Amino acid sequence: MLTMGIDVGSRSTKCVILEDGKLLTYGSIETGPDIVKTAQAVVDAAVHRRTSLWGDYRMELPDVKVDHLKVEDMDFIVSTGYGRAVVPFAHRNITEITCHCRGAQWFVPGVSTVLDVGGQDSKGIRIGAKGEVADFVMNDKCAGGTGRFMEIVAEALQVPLAEIGPLSLKSEKVLAFSSTCAAFGRGAAVSMRKEGERKEDILDGLHESIANRVMALVKKVGIADKFVISGGIGRNVGLVKKIEARLDGLKVNLPQEPMIVGAVGAALFAIDLAKKKAEAPEEPVAS
Amino acid sequence: MAVVGVDLGSQSTKVVILEGDEIVGGASLQTGESAETEARMAVQEALKKAGLKREDLTAAVATGTLAVPVTAALNIAALKTRSPASCVATGAFFRFPQARTVLYVGADSSMAIRMSPDGEVEESVKNERCAVSSGALLDIVARMLEISVEELGELSLKSTNPEKVSSRCVVFAEGEILSFIHRNPPVPVPDVLAGANQCIADGLWGMVQKVGVPSDLLICGGVARNVGLVKAIEARFGKPVLLPKQPQYVRALGAAVFARNLQRQGVATC
Numbered sequence: 002m003l004t005m006g007i008d009v010g011s012r013s014t015k016c017v018i019l020e021d022g023k024l025l026t027y028g029s030i031e032t033g034p035d036i037v038k039t040a041q042a043v044v045d046a047a048v049h050r051r052t053s054l055w056g057d058y059r060m061e062l063p064d065v066k067v068d069h070l071k072v073e074d075m076d077f078i079v080s081t082g083y084g085r086a087v088v089p090f091a092h093r094n095i096t097e098i099t100c101h102c103r104g105a106q107w108f109v110p111g112v113s114t115v116l117d118v119g120g121q122d123s124k125g126i127r128i129g130a131k132g133e134v135a136d137f138v139m140n141d142k143c144a145g146g147t148g149r150f151m152e153i154v155a156e157a158l159q160v161p162l163a164e165i166g167p168l169s170l171k172s173e174k175v176l177a178f179s180s181t182c183a184a185f186g187r188g189a190a191v192s193m194r195k196e197g198e199r200k201e202d203i204l205d206g207l208h209e210s211i212a213n214r215v216m217a218l219v220k221k222v223g224i225a226d227k228f229v230i231s232g233g234i235g236r237n238v239g240l241v242k243k244i245e246a247r248l249d250g251l252k253v254n255l256p257q258e259p260m261i262v263g264a265v266g267a268a269l270f271a272i273d274l275a276k277k278k279a280e281a282p283e284e285p286v287a288s
Numbered sequence: 008m009a010v011v012g013v014d015l016g017s018q019s020t021k022v023v024i025l026e027g028d029e030i031v032g033g034a035s036l037q038t039g040e041s042a043e044t045e046a047r048m049a050v051q052e053a054l055k056k057a058g059l060k061r062e063d064l065t066a067a068v069a070t071g072t073l074a075v076p077v078t079a080a081l082n083i084a085a086l087k088t089r090s091p092a093s094c095v096a097t098g099a100f101f102r103f104p105q106a107r108t109v110l111y112v113g114a115d116s117s118m119a120i121r122m123s124p125d126g127e128v129e130e131s132v133k134n135e136r137c138a139v140s141s142g143a144l145l146d147i148v149a150r151m152l153e154i155s156v157e158e159l160g161e162l163s164l165k166s167t168n169p170e171k172v173s174s175r176c177v178v179f180a181e182g183e184i185l186s187f188i189h190r191n192p193p194v195p196v197p198d199v200l201a202g203a204n205q206c207i208a209d210g211l212w213g214m215v216q217k218v219g220v221p222s223d224l225l226i227c228g229g230v231a232r233n234v235g236l237v238k239a240i241e242a243r244f245g246k247p248v249l250l251p252k253q254p255q256y257v258r259a260l261g262a263a264v265f266a267r268n269l270q271r272q273g274v275a276t277c
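For the record, the sequence lines run as chains A and B. My numbering applies: residue 2 is where the first sequence begins, and numbers increase by one. My numbering applies: residue 8 is where the second sequence begins, and numbers increase by one.
Bound conformation, chain A alone:
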């Protein structure tokens, strides 16, 4: 059985295809202004095994030909993310909180807390004993604790997003950002550079600021073992290290490919729904 999960995020869109619950292929592209086109393009990225924004592939994929696969070959497709309702070929859409909860358990069995930081929001999810969403908090009001802040500063410093993590590890001092506002971050970074400060130290300060922000958020749902980070920030080693330092001894469990956690969750729900559909073929499935 083939199932597909599509996670239309504010900055990037991810597509995962599972074959009988095993990862067959995945891909990601930047979210464009037209979500319908973006959704079609990400399927193409997945079957041609392409990713964007954070660089190279991390997960091993089965050595089989997949580039012939089409949307019509899927038994069931579930969409998630902020643009989930607009994906034209999805059979069902499910909220990203639920999908991240499911996907995190696929990557890290027994997970209790998920911190997901995406392009324009961040959320903390507490997972209950039965694997259900026990509690969650979300910040989509302020860019201060989101990937957008990283992008703005990376752009101001002219460092590719994929390099800011490793670069920040070479820091010699933390140059704190006095404001949590991402809009001020650009000016602050530029003026620090003018004063002759090093990019490494500025990025270290940036990660400190974002780490403080997202930890305050996730503490509201409660931090417990196992703690998982998902979303684009999972690819930023500098930030992951800062978060780990604030966990009172707990370790961060990092999915191999943190960006696709939500899409994997959606594809797993698609399996359940495909089975249900097979049991009751008469019943029309709402999309």
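It is worth saying that the hints were derived from the structure and are not from the lab. Be aware that a few hints might be false.
[Said to hold, decoys possible] Think about it this way: if two alpha-carbon atoms lie no more than 20 Å apart in a straight line, the pair counts; the simulated SDA-like pairs of lysine to any residue are: (1) A:K142 x B:D115; (2) A:K195 x B:T44; (3) A:K195 x B:A42; (4) A:K142 x B:A42.
The model shown is predicted, which means the values in this text are computed figures rather than measured ones.
Let chain A serve as the given structure and place chain B on it in line with the hints.
For chain B alone, coordinates are given in the frame of chain A:
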């Protein structure tokens, strides 16, 4: 016996020269790299306008977000610094003694100040950690639409149906406004601008409410030159606000008044 007030803002440096109770000169320069250089140049320009020489200045007070030691650059022996809030209050009280609450809106920061009947700061709330209630959004919108910040206010008054900005973050509002412009058909420019003004006014009004809605509200700071924003605040206030003719100079004026008081107390005899 002239004194000078210097306001080092995040985007421009303002200078006011006072002789007694009379404003004799003023100047405003864009803030660039060195605060010292700009302060010196702005003082020179204001002196020229007043027909005075540097030796005529007997006291100086500096304030603002970039309040750095500019003593050496200005070469005025008696230079002191005062907090931005107290300078705003003092400048506002000097022009409009009846004002009880002052709303200051700068390029990067804003504050609401409640004053005592003699112009002292009683309570103030600042917004310096978040850009939403400042001029930052207007800068972004002006750049996006390729119109000058000075034109934003007048143009926004032509709006018939302001497009509501739902984000409470400048960064997200930028994306939202971008989608207004790219909508098919695009949202008319005046409606976009009026929406942006209302977004900022909402945040500012919240600050006024925190210190207490007064009988008389004064608005100052460079962003107060945006007539659309002032109108949006007035709509929430329910009546006209007090608006100085050149609201961008109020904080520098307050600094100058402090300098004059120093001089009168004899602290600043050169």
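Exercise. Within 20 Å, alpha carbon to alpha carbon, are A:K142 and B:A42?
Worked result: Roughly 34 Å separates the two Cα atoms, so the pair is violated.
Exercise. Is A:K195 within 20 Å of B:A42, Cα to Cα?
Worked result: Holds. A:K195 to B:A42 sits at ~13 Å (cutoff 20 Å).
For this session: Sort out whether B:T44 lies within 20 Å of A:K195, counting only the CA atoms.
Result: Holds - the C-alpha atoms of B:T44 and A:K195 are around 16 Å apart, at most 20 Å.
For this session: For the pair supplied as a hint, A:K142 and B:D115, confirm whether the alpha-carbon distance does not exceed 20 Å.
Result: With Cα atoms ~19 Å apart, A:K142 and B:D115 stay inside 20 Å; holds.
Checked against the numbered hints given earlier, the structure breaks only hint 4 and satisfies all the rest.
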